[in-house]
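Colleague: The residues making up each chain are set out below.
4 protein chains.
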Amino acid sequence: MIKAGIIGATGYAGIELCRILLNHPKVVLSGVGSVSFEGKKISEVYPALNGICDLVCQSTDEVIENSEVVFACVMHGLSQDLAKKCADNGVVFIDLGADFRLDSANDYKEWYDSDFKHLDLHKRAVYGLPELYRNDIKGSKIIANPGCYPTSIALGLFPALNSGLVSTNGIVIDSKSGVSGAGRGLSQTAHYPNCNEAFAPYKIAAHRHTPEIEQTLSKISKKDVTVLFVPHLLPVNRGIISTIYAKLEENVSKSDVRKAFENSYKNEKFVRVLDDGNVANLRDVKCSNFCDISIHIDDRTNTLVIVSAIDNMVKGASGQAVQNMNIIFDLPEDMGLCFIPTTF
Amino acid sequence: MIKAGIIGATGYAGIELCRILLNHPKVVLSGVGSVSFEGKKISEVYPALNGICDLVCQSTDEVIENSEVVFACVMHGLSQDLAKKCADNGVVFIDLGADFRLDSANDYKEWYDSDFKHLDLHKRAVYGLPELYRNDIKGSKIIANPGCYPTSIALGLFPALNSGLVSTNGIVIDSKSGVSGAGRGLSQTAHYPNCNEAFAPYKIAAHRHTPEIEQTLSKISKKDVTVLFVPHLLPVNRGIISTIYAKLEENVSKSDVRKAFENSYKNEKFVRVLDDGNVANLRDVKCSNFCDISIHIDDRTNTLVIVSAIDNMVKGASGQAVQNMNIIFDLPEDMGLCFIPTTF
Amino acid sequence: MIKAGIIGATGYAGIELCRILLNHPKVVLSGVGSVSFEGKKISEVYPALNGICDLVCQSTDEVIENSEVVFACVMHGLSQDLAKKCADNGVVFIDLGADFRLDSANDYKEWYDSDFKHLDLHKRAVYGLPELYRNDIKGSKIIANPGCYPTSIALGLFPALNSGLVSTNGIVIDSKSGVSGAGRGLSQTAHYPNCNEAFAPYKIAAHRHTPEIEQTLSKISKKDVTVLFVPHLLPVNRGIISTIYAKLEENVSKSDVRKAFENSYKNEKFVRVLDDGNVANLRDVKCSNFCDISIHIDDRTNTLVIVSAIDNMVKGASGQAVQNMNIIFDLPEDMGLCFIPTTF
Amino acid sequence: MIKAGIIGATGYAGIELCRILLNHPKVVLSGVGSVSFEGKKISEVYPALNGICDLVCQSTDEVIENSEVVFACVMHGLSQDLAKKCADNGVVFIDLGADFRLDSANDYKEWYDSDFKHLDLHKRAVYGLPELYRNDIKGSKIIANPGCYPTSIALGLFPALNSGLVSTNGIVIDSKSGVSGAGRGLSQTAHYPNCNEAFAPYKIAAHRHTPEIEQTLSKISKKDVTVLFVPHLLPVNRGIISTIYAKLEENVSKSDVRKAFENSYKNEKFVRVLDDGNVANLRDVKCSNFCDISIHIDDRTNTLVIVSAIDNMVKGASGQAVQNMNIIFDLPEDMGLCFIPTTF
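Residue numbers (this note's numbering), protein chains in the order written: chain A, 1 to 344; chain B, 1 to 344; chain C, 1 to 344; chain D, 1 to 344.
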């Protein structure tokens, strides 16, 4: 049994990790760390866990000491020293935050106003999007688990960009995320009477996931990609829909597109390319590790519309983190992750 | 592997059974029956099942032929002949409808305006509330799976009535159910703009679950119990909260109550009696087979307030049905049912 | 034009008062007070008011100085000195908080842990439930605007208690309120992922509105009434449903009940007694000053079930406050309050 | 007083017209027509109207006979003969459906699979978007009230296109509409458990509002505009957000854009151009006739992002229809339409 610990266990990604890891046949949850609730049972914070998990929240150090793999769900800026401590102790480190996602210290500085502290760790960190970087993940001990929006977008665009079917110019990404994406921390944004029966974009063309999205898309296309990314806050608990608009290159046929998508994902358990006539809906991936993708061609404007749906807390965070863990520890990649989406 | 078939698989209880049975380590889903969608893949009706289950909807007879156990999710009145056919074929029959829940043909006539057709089957049918009737279930081949409201109410009141702590007179039950309880069939009741941001009771003191509730409570108390039961439609997808008001008998102390509840359920995996100071919330049982119960005493009016929370589609329907199957087939009772509630 | 000011204008009751008063043909909004947002435009806090109201938030004193009537939407304990200041300046004071609702200093001490400061003011304060106390309100300059739950409950029970149709013993009140009732202040209770798709009671038999409810019901019945009151948090923005259970006295007929309700409210514009066969729904009173009441008799248990629906922010707070103002200033009681409920 | 009748009064646009017209100081609601509910009180269909409007649903002919202006809320294809009858009787006809919106019979044939029946009427019909076509509306007796999406989009893009600030090529419009847009008719689309906690686009690049949108944008730009329009179904009752992406022409500055928007709407009561730093939210226009517009420039991709928010049932349907009526009957354009948005 792998001893897995969670730092920041009482946040939403942390508690979702608990839900997944407690179900995992090869994992024992070795510790849950929480600064705010140290000394309290996690089931006091989340009564859903009553009788299922009675672990008491510990300090960061205690969690690291007792674990072979540590998942960190903390604010950007805080993961780097945790990663160092894990590296020094031979503990696999899977970061659900942003500290190791960007290759460029400049980008990190520009978008997060922070600095790279341990350059060697940054070099060894692997961007943990299994469908694209499975082989790199296998041998790594530091994983930058992708952001929720970037996951939905990279998986949605990968086949089209990788096969050169669409222009790398003028890509527009209109994403919509459920409120759990805003976290457990209190804010007017997530205050019920303020966001229920409401809807709007936010951080228009200014969201911190932008450089991460562009980095991945650029790697796929092997040229610099600049996108226009506009996230919206959706009055649902879970899920992300990214509606992606990309100009088709000349002479690309509908069947070229379909083939590219089907070939890209034919061996991927967690990516489902929908048949023509269907539209990806976040309802159909809820509480699961699936990414559903539907593809639509508008002949009138020669545009490919890609709809990519994930559960922001599973494939967009904790499920993908466990998928990375499975790869690193040589377990079947879908172990503990075969949640069937709840249909309602 | 047990071959399990579902009749009425495309209704909400049916699809929830799919979700559970597809996950069950000792079951193979042998057939899904649907009158409305015969010949169509179930994943066309519920795209959530894409790539997970590609069974094609069959006729009732085909399902029965290929199964060792059949779950029926059909309108009342339709199960009796299905039960007969299963009995004749040696197939275990678990009815999620109302046909076998009532002992009295008169009650059935009065509340459902239908008749008992196969009296011998009615005699052999067992009311499948495992926490109360586990032993009877074990040897049975026809199970009347309890209604959603009755499940939450019987589990909530059992310890108090069984120990004679509350009066059997004047019990008031104010229940609230999520909209999935109204089923997949279209109606203004479940039309989004009509029930979102709305709330009201319905079938006040006239809901068909009333005689079922009273039958169980009467058996527990060994005297005739008449209750006032008022259900409400709650604008959420899943879950039931029953708030139950019962007069305490004289000289019953707070600790008597607590002891009765804790003793009743100390060996029950799926019933969680919450500690003092906590209140059962449907959020904390969502997508799980738990029934959470909190108990509250109002000294000013000498009333016991019991709050009982279930997921109406799991413990209130399909989860409990599988629990019954596990018992009948001598499997661990919680097999395939250890869903951790989603916290959001 | 009456100069009306609001203290605590940026809370939910305050902003709802803005919405109503800005529409009122005989009122000019003379000032909006806010401690948290002093110096800021109210339309910056609530962009819904952009271009409609550009008032800048002021201090309490400024608001009082410029007003003939002041509405106070502040935490209990803070209204008493405001009332004093208004009284000293000849300004009508309508308190949407709890400070003047209870006649008994002991009750106030017990439930709010605070003291009466200005006994003379408490004596002059009138409980502003117009349908019951219209005449007293007319001559008053200090109004205790009723709580939201108590409004729905007092209006619901008044005809039955006033006509002696139900027992004053054993009344059970199961109420459900939309989240705006929890106010604009941040809390896990109102954090979207925590209360969306969730439901539970809270402060069971311990809510501060209990003594206010009992005080009004006791006055109506002319004897001491003790009730069991259990509020629930409902995942909708607005509205309260109170489901009220009261034992019918002997020999009370269905038509006695109907007559009592219809006679009580036949001249009341804002109370609608629904015809038999209908059930009050908070949807049908949303954004309006109506209280809808439906009455249901359960012969099996000889119980009267009263369903009372209001918009907690209108008839349960700001609308009723303006209704009180209209009475005091000798305006038509419904002036500025004829909002037709939004049907969705 | 103007005698106004509604045909199709029991649909959502119809009942919203009731809500508005019953409030209008210069209108008497002369008749409500409904095929499905003829002979029934409208307050039986919508109990929200209890005691406010007790009109009995009539036949189409009865409504026309008693009205000076008729609002038609019927399926496309059914309005043309109604318009003829009104024209023959000298009754002003305001069509909330699609029959008179398109200038081209070919477009109508292509997108609605129907034919123009009365060509003279089509010639006389005016597209009722007051902010753009006020003068034409004034003298007209047949109004094609714009679709909900087209209203939000035309108002959002008008200043940019009219001033030539953006390219007419490559415009992408990602719109999201509340469920009331799907109407009162039952469908799985609007079935609560199916659309609550769900989200997806629909009719991608194939929605019937596309030719209407393009017709208006082409008129504004004086050249043919083809857009990519993708609507989404949003789990809220009311409101539309259109997020519009348009490439800025060279050398267009941020202040050029702001000036164009502010100048275009400086005299428009119902269009609010938000200050920099703010984002239009459907919450802030709910239940009102406002269109809120925020403008955002992405320097990285030289794109103008316009966010346009309306209440789909008010400015997107019934409110705008009354605005048109006001213009035709020479009343103040905002009469009966000064609803302040509900903030929650």
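Read the hints as simulated data drawn from the structure, not as lab findings.
Treat each hint with caution, since some may be false.
Put simply, identical chains are the same to the list, so a pair is met inside one copy or across any two.
As the list claims (entries may be wrong) - With a straight-line cut-off of 25 Å between C-alpha atoms, the simulated PhoX-like cross-links for lysine-lysine are:
| hint | residue 1 | residue 2 |
| --- | --- | --- |
| 1 | Lys41 | Lys266 |
| 2 | Lys203 | Lys41 |
| 3 | Lys203 | Lys259 |
| 4 | Lys26 | Lys254 |
| 5 | Lys269 | Lys40 |
| 6 | Lys41 | Lys259 |
| 7 | Lys259 | Lys3 |
| 8 | Lys254 | Lys203 |
| 9 | Lys223 | Lys247 |
| 10 | Lys141 | Lys85 |
| 11 | Lys141 | Lys84 |
| 12 | Lys40 | Lys203 |
| 13 | Lys40 | Lys223 |
Colleague: None of the hints should be skipped; say for each whether it holds.
Modeller: Each hint, compared with the structure:
1. In this assembly of identical chains, lysine 41 and lysine 266 lie within 25 Å of each other by CA distance solely across copies; the values are 20 Å between and 43 Å within a copy.
2. For the identical chains of this complex, lysine 203 and lysine 41 are inter-copy neighbours only, at 23 Å across copies versus 36 Å inside a copy, given an alpha-carbon limit of 25 Å.
3. Within a single copy, lysine 203 and lysine 259 get their C-alpha atoms only as close as 35 Å, which misses the 25 Å cut-off; across copies the closest is 23 Å, which meets it.
4. Proximity of lysine 26 to lysine 254 under the C-alpha cut-off of 25 Å is found in neither arrangement, the shortest distances being 43 Å within a copy and 43 Å between copies.
5. With identical chains, the CA atoms of lysine 269 and lysine 40 are at most 25 Å apart between copies only, with a shortest distance of 23 Å across copies and 38 Å within one.
6. Taking identical chains as interchangeable, the C-alpha atoms of lysine 41 and lysine 259 lie at most 25 Å apart only when they sit on different chains, with a minimum of 23 Å there against 51 Å within one chain.
7. Taking the shortest alpha-carbon separations for lysine 259 and lysine 3, neither the intra-copy value of 41 Å nor the inter-copy value of 37 Å comes in at or below 25 Å.
8. For the identical chains of this complex, lysine 254 and lysine 203 are inter-copy neighbours only, at 18 Å across copies versus 34 Å inside a copy, given an alpha-carbon limit of 25 Å.
9. Taking CA atoms no more than 25 Å apart as the test, lysine 223 paired with lysine 247 passes in both settings, with 16 Å inside one copy and 22 Å between copies.
10. Taking the shortest alpha-carbon separations for lysine 141 and lysine 85, only the intra-copy value of 12 Å comes in at or below 25 Å, while the best inter-copy value is 59 Å.
11. When the C-alpha separation of lysine 141 and lysine 84 is checked against a cutoff of 25 Å, the pair qualifies only within one copy, where the shortest distance is 11 Å, while the shortest distance between copies is 60 Å.
12. Within a single copy, lysine 40 and lysine 203 get their C-alpha atoms only as close as 36 Å, which misses the 25 Å cut-off; across copies the closest is 23 Å, which meets it.
13. Taking CA atoms no more than 25 Å apart as the test, lysine 40 paired with lysine 223 passes in neither setting, with 50 Å inside one copy and 45 Å between copies.
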